[in-house]
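Engineer: Given these sequences and hints, build the entire structure.
In case you want the letters, here they are:
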Amino acid sequence: MKSGSAAAGGVLHPVLRRSLTNAASTPRKSSGSSSPERGGGGGVLIGPGPLIRLCLHAVACIASLVIGFRFSRETLLVLLIDVGIKFPYVEPGLGVRDGVQDGGGRLPEVRTKSGRVHVGRHEILIRPWPHPDSAEIYRAHALLERVQVEQQSLYGPKERKTVIAITPTFARTFQAIHLLGVMHTLRAAPGPVIWIVVEAGGRSNETASILASSRLEFVHLGVKDAMPVAWEQRRRMETRLRIEGLSHVRREKLDGLILFADDSNVHSLQLFDEIQKVKWIGALSVGLLETGSGATETASSMVAAASSAKPRLPVQGPACNETCHVVGWHVLRPSPVDGEDDSSSSSFTDVAGGLTDVATHLEWSGFVINSRAVWDEAESENEEEEASSSTMEDEQQEEDATRRKPEWINEWKEWISEDSGSPLRLAKDQGFIEALGNCGREVMLWWIRVEARADSRYPPRQVALCPTRGYHIYQLTRLPHRWSLTSPLEITVPAQRTPWPE
Amino acid sequence: MGAAWIALALGLALCASAEQQQQHERISGSAGDVLEDDPVGRLKVFVYELPVKYNRKVLEKDPRCLTHMFATEIFVHEFLLGSAVRTLNPEEADWFYTPVYTTCDLTPNGLPLPFKSPRMMRSVIQYISNQWPYWNRTEGADHFFVVPHDFGACFHYQEEKAIERGILHLLQRATLVQTFGQRYHVCLKEGSIVVPPYCPPQKMQAHLIPPSIPRSIFVYFRGLFYDYGNDPEGGYYARGARAAVWENFKDNPLFDISTEHPITYYEDMQRAIFCLCPLGWAPWSPRLVEGVIFGCIPVIIADDIVLPFADAIPWEEIGVFVAEKDVPKLDTILTSIPPEVILKKQRLLATPAMKQAMLFPQPAQPGDAFHQILNGLARKLPHDRRIYLNPGEKALNWSSGPPGDLKPCKRNTLDRESRNWHQLLQLLRHWCRVLLF
Numbered sequence: 001m002k003s004g005s006a007a008a009g010g011v012l013h014p015v016l017r018r019s020l021t022n023a024a025s026t027p028r029k030s031s032g033s034s035s036p037e038r039g040g041g042g043g044v045l046i047g048p049g050p051l052i053r054l055c056l057h058a059v060a061c062i063a064s065l066v067i068g069f070r071f072s073r074e075t076l077l078v079l080l081i082d083v084g085i086k087f088p089y090v091e092p093g094l095g096v097r098d099g100v101q102d103g104g105g106r107l108p109e110v111r112t113k114s115g116r117v118h119v120g121r122h123e124i125l126i127r128p129w130p131h132p133d134s135a136e137i138y139r140a141h142a143l144l145e146r147v148q149v150e151q152q153s154l155y156g157p158k159e160r161k162t163v164i165a166i167t168p169t170f171a172r173t174f175q176a177i178h179l180l181g182v183m184h185t186l187r188a189a190p191g192p193v194i195w196i197v198v199e200a201g202g203r204s205n206e207t208a209s210i211l212a213s214s215r216l217e218f219v220h221l222g223v224k225d226a227m228p229v230a231w232e233q234r235r236r237m238e239t240r241l242r243i244e245g246l247s248h249v250r251r252e253k254l255d256g257l258i259l260f261a262d263d264s265n266v267h268s269l270q271l272f273d274e275i276q277k278v279k280w281i282g283a284l285s286v287g288l289l290e291t292g293s294g295a296t297e298t299a300s301s302m303v304a305a306a307s308s309a310k311p312r313l314p315v316q317g318p319a320c321n322e323t324c325h326v327v328g329w330h331v332l333r334p335s336p337v338d339g340e341d342d343s344s345s346s347s348f349t350d351v352a353g354g355l356t357d358v359a360t361h362l363e364w365s366g367f368v369i370n371s372r373a374v375w376d377e378a379e380s381e382n383e384e385e386e387a388s389s390s391t392m393e394d395e396q397q398e399e400d401a402t403r404r405k406p407e408w409i410n411e412w413k414e415w416i417s418e419d420s421g422s423p424l425r426l427a428k429d430q431g432f433i434e435a436l437g438n439c440g441r442e443v444m445l446w447w448i449r450v451e452a453r454a455d456s457r458y459p460p461r462q463v464a465l466c467p468t469r470g471y472h473i474y475q476l477t478r479l480p481h482r483w484s485l486t487s488p489l490e491i492t493v494p495a496q497r498t499p500w501p502e
Numbered sequence: 001m002g003a004a005w006i007a008l009a010l011g012l013a014l015c016a017s018a019e020q021q022q023q024h025e026r027i028s029g030s031a032g033d034v035l036e037d038d039p040v041g042r043l044k045v046f047v048y049e050l051p052v053k054y055n056r057k058v059l060e061k062d063p064r065c066l067t068h069m070f071a072t073e074i075f076v077h078e079f080l081l082g083s084a085v086r087t088l089n090p091e092e093a094d095w096f097y098t099p100v101y102t103t104c105d106l107t108p109n110g111l112p113l114p115f116k117s118p119r120m121m122r123s124v125i126q127y128i129s130n131q132w133p134y135w136n137r138t139e140g141a142d143h144f145f146v147v148p149h150d151f152g153a154c155f156h157y158q159e160e161k162a163i164e165r166g167i168l169h170l171l172q173r174a175t176l177v178q179t180f181g182q183r184y185h186v187c188l189k190e191g192s193i194v195v196p197p198y199c200p201p202q203k204m205q206a207h208l209i210p211p212s213i214p215r216s217i218f219v220y221f222r223g224l225f226y227d228y229g230n231d232p233e234g235g236y237y238a239r240g241a242r243a244a245v246w247e248n249f250k251d252n253p254l255f256d257i258s259t260e261h262p263i264t265y266y267e268d269m270q271r272a273i274f275c276l277c278p279l280g281w282a283p284w285s286p287r288l289v290e291g292v293i294f295g296c297i298p299v300i301i302a303d304d305i306v307l308p309f310a311d312a313i314p315w316e317e318i319g320v321f322v323a324e325k326d327v328p329k330l331d332t333i334l335t336s337i338p339p340e341v342i343l344k345k346q347r348l349l350a351t352p353a354m355k356q357a358m359l360f361p362q363p364a365q366p367g368d369a370f371h372q373i374l375n376g377l378a379r380k381l382p383h384d385r386r387i388y389l390n391p392g393e394k395a396l397n398w399s400s401g402p403p404g405d406l407k408p409c410k411r412n413t414l415d416r417e418s419r420n421w422h423q424l425l426q427l428l429r430h431w432c433r434v435l436l437f
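Sequences listed follow chains C and R, in order. Take the first sequence: its position 382, counting from 1, is numbered 382 in full-length UniProt numbering, and each next residue is one higher. Take the second sequence: its position 290, counting from 1, is numbered 290 in full-length UniProt numbering, and each next residue is one higher.
For the record, the hints were derived by calculation from the structure and aren't laboratory data. None of the hints are false.
Every beta carbon over 10 Å from chain C, so not counted as near; a handful from chain R, in silico:
| id | residue |
| --- | --- |
| 1 | S28 |
| 2 | L50 |
| 3 | R56 |
| 4 | E267 |
| 5 | P352 |
| 6 | I387 |
| 7 | L425 |
| 8 | L428 |
Pulled a few chain R residues facing chain C out of the computed Cβ check, cut under 7 Å:
| id | residue |
| --- | --- |
| 9 | E160 |
| 10 | R215 |
| 11 | N248 |
The following label-pair restraints were derived from C-beta to C-beta distances:
| id | chain 1 | residue 1 | chain 2 | residue 2 | range |
| --- | --- | --- | --- | --- | --- |
| 12 | R | G235 | C | L216 | 52 to 58 Å |
| 13 | R | P210 | C | G431 | 23 to 29 Å |
| 14 | R | E340 | C | G431 | 44 to 50 Å |
| 15 | C | E451 | R | R64 | 49 to 55 Å |
Backbone N, C-alpha and C fix where the C-beta goes; we use that ideal spot for every residue, glycine too.
Structural biologist: Next up, the structure:
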């Protein structure tokens with residue numbers, strides 16, 4: 001059927017369509033505007049339809065005479081539409097139900113009984129100034145905060161232990177980016193937070209200024225030796241810095257949960273709720289965003305991964321059995337052959353002898369330790385004796401269970417025997433380590449090491465004397481300072497590869 | 001003395017903690033606290049045995065009917081077949097159910113075509129009135145039908161056409177279980193039971209996130225604002241309300257609205273406080289169900305809408321209703337709601353009874369939407385004496401309706417003559433087999 005095919009093709013009204021097809025079928029005017037057209041209707045006019053057509057044709061003729069060029073009936077129709085005669089439209093919905101024509105023509109607008117809600121075209125109401133109002137945004141944020149506080153009180157952990165975040169850092173180009181990231185995460189974390197920042201190369205002013213603006217309770221420690229450049233040595237230095245932080249916790253007897261928040265890591269806020277479940281030692285799954293063995297290797301391994309079936313994020317963390325007990329570790333370690341990292345899983349039995357191998361490659365940031373585990377045993381026993389004498393008997397047993405360090409936790413001396421310790425060695429029996437994050441299935445923490453290029457340099461600030469700086473002036477690889485140019489650059493080399501002429 | 005003080009203190013503490021720390025509240029609507037009622041024992045339903053062309057054959061032809069949002073009719077049938085309210089003795093039944101799948105004729109895109117549905121319904125009613133005397137007894141007043149399509153038993157997807165058709169004449173006296181609900185509308189009969197659209201429960205439960213994740217999105221919406229294919233000029237689709245939302249709030253940082261459907265759609269809903277549920281071509285949408293399951297307060301922008309199970313669920317206390325003409329002021333309205341009201345609404349949404357009542361789980365669980373339908377039917381009992389007609393008395397005019405409806409169900413109906421031919425052919429085939437082998 002003609003109308004059916006036309007409807008399937010486009011959105012053209014039947015009347016218009018019919019008139020166009022009629023115009024196409026009738027013989028056209030051969031020349032100019034003066035020759036009369038033989039109308040399709042013929043001589044005698046019957047009915048209003050042909051009459052209207054004749055009138056239109058007459059008007060078109062006269063208009064053509066006046067204007068000087070051929071003025072067709074179709075143009076008149078278009079003008080009439082413009083003027084505003086309501087031509088019924090094809091009902092919407094025909095495009096959706098493919099090829100089904102449910103009769104042409106439009107239905108009149110039917111007003112339902114209430115008269116308030118009716119079918120048809122409505123105006124799109126836009127207010128004169130559709131921009132957000134700052135007072136309303138403020139109120140909305142107050143509502144969001146109230147809802148979130150309620151959520152925390154209903155579903156979050158009832159008591160929150162202090163989170164002691166230990167961050168090893170050193171002054172470098174990208175230090176501000178990384179350290180500010182950790183700072184904002186810790187400020188957004190619920191509950192009390194103590195931030196221990198241990199810096200290689202001594203306490204520098206840059207770090208101190210960032211910490212001063214943090215509005216957190218922080219401790220700024222410094223280690224005299226500078227951060228080495230090579231990768232392996234860097235890792236060992238970081239471990240040394242962390243041990244320094246742990247010694248501080250041990251000395252000051254800080255109570256809480258120790259989280260190793262490396263400054264370039266990314267933490268999710270869900271992490272802070274999850275670590276409250278830790279009793280003694282917890283293990284998290286850490287997503288390794290960059291293997292750290294160098295930019296080029298990473299790129300090639302990522303390309304290799306992309307060309308293979310599925311690029312997967314290497315995750316390091318506990319491996320659990322069905323009863324959610326830790327039975328092994330997923331570890332990413334560099335294979336000795338070509339320097340590319342490969343991920344492997346190792347169980348306790350596999351590396352019984354080679355525990356050192358696994359241990360050195362596990363990231364510290366994947367472990368959360370109750371700070372009492374690093375306290376001095378003798379002193380804490382004295383404390384308990386004093387405490388137990390004043391409390392009632394049935395409460396005493398509960399407190400003892402939480403306070404006293406269990407036997408499967410190593411002593412400080414045994415644990416930190418050499419410079420490269422590992423959190424794994426804290427436990428004599430690794431089966432006691434708790435797996436967090438739905439048994440290691442959820443990744444709430446991502447490890448990444450991104451630094452500026454080793455040869456990136458920036459002019460030093462014009463400061464008179466800074467005698468306490470711990471790095472040597474000739475090692476230009478470590479000049480972070482401020483990102484501002486107060487003096488012109490020393491060397492200006494003309495750019496040779498710009499696409500536009502000088 | 002001391003014990004009395006301690007008891008008083010404990011009591012006060014309990015009250016205070018109960019008010020502030022409770023996670024959910026009891027729901028009671030205008031019909032009372034009925035969400036958890038058990039319909040078993042309060043009514044009996046007889047399920048007609050229909051030829052498979054009305055249900056099973058239709059489903060076999062297109063199994064997509066099991067997952068789209070009109071799958072209610074199929075799952076209600078399945079539920080009733082195995083339910084304790086089913087009776088095999090029609091004499092003791094209070095309600096009669098006709099399992100006909102009228103919304104299963106799908107386009108390649110998956111949208112149901114309603115053009116054959118009126119004829120299918122007529123054919124079914126003719127069948128049951130010929131085979132059993134119960135239809136003629138009351139002309140359908142104690143029968144119920146599930147018609148989950150866009151405009152219910154008006155059997156059309158366009159509102160104007162649906163209004164013009166009106167409810168199918170033969171269903172005038174029957175009870176309709178439908179998703180469409182709008183007050184003063186031709187397609188909503190007095191006494192209909194409005195149900196939520198079907199949303200697959202497993203799919204939604206697979207995307208649940210822990211409730212401690214803070215809700216950080218203020219208003220969330222994903223969907224079309226303009227339907228360029230069907231309404232290019234705008235103003236027709238959703239009565240211009242969705243377009244108004246877009247034009248007024250596309251730059252507002254509080255409104256996370258877009259047409260792109262992300263993979264984390266369900267997770268995002270659980271991180272939002274308000275979820276917009278504006279009307280589309282029809283006033284109902286599955287977003288209401290999704291909002292209830294995920295604890296996001298539904299903001300309903302549809303004038304005169306009737307929400308599911310409105311007599312059992314107090315929707316005014318749970319959702320926020322915004323008139324279509326007030327859409328430009330939506331941000332003012334939402335930000336001026338006091339926080340206690342928002343928390344109360346969230347507590348009501350967290351009630352497990354509320355979430356259960358919106359779902360159609362398989363197998364059925366107590367308190368789910370199937371049971372709410374039965375509760376609704378039970379509340380309409382006992383039947384009024386007047387529905388029983390005297391023998392020979394007719395209340396329906398079988399020849400009313402558009403002429404297209406009166407044609408018999410093509411290709412599917414086997415009237416008596418062709419049935420006889422069919423039987424003859426089968427007999428011949430049987431004898432051929434016997435003779436030849």
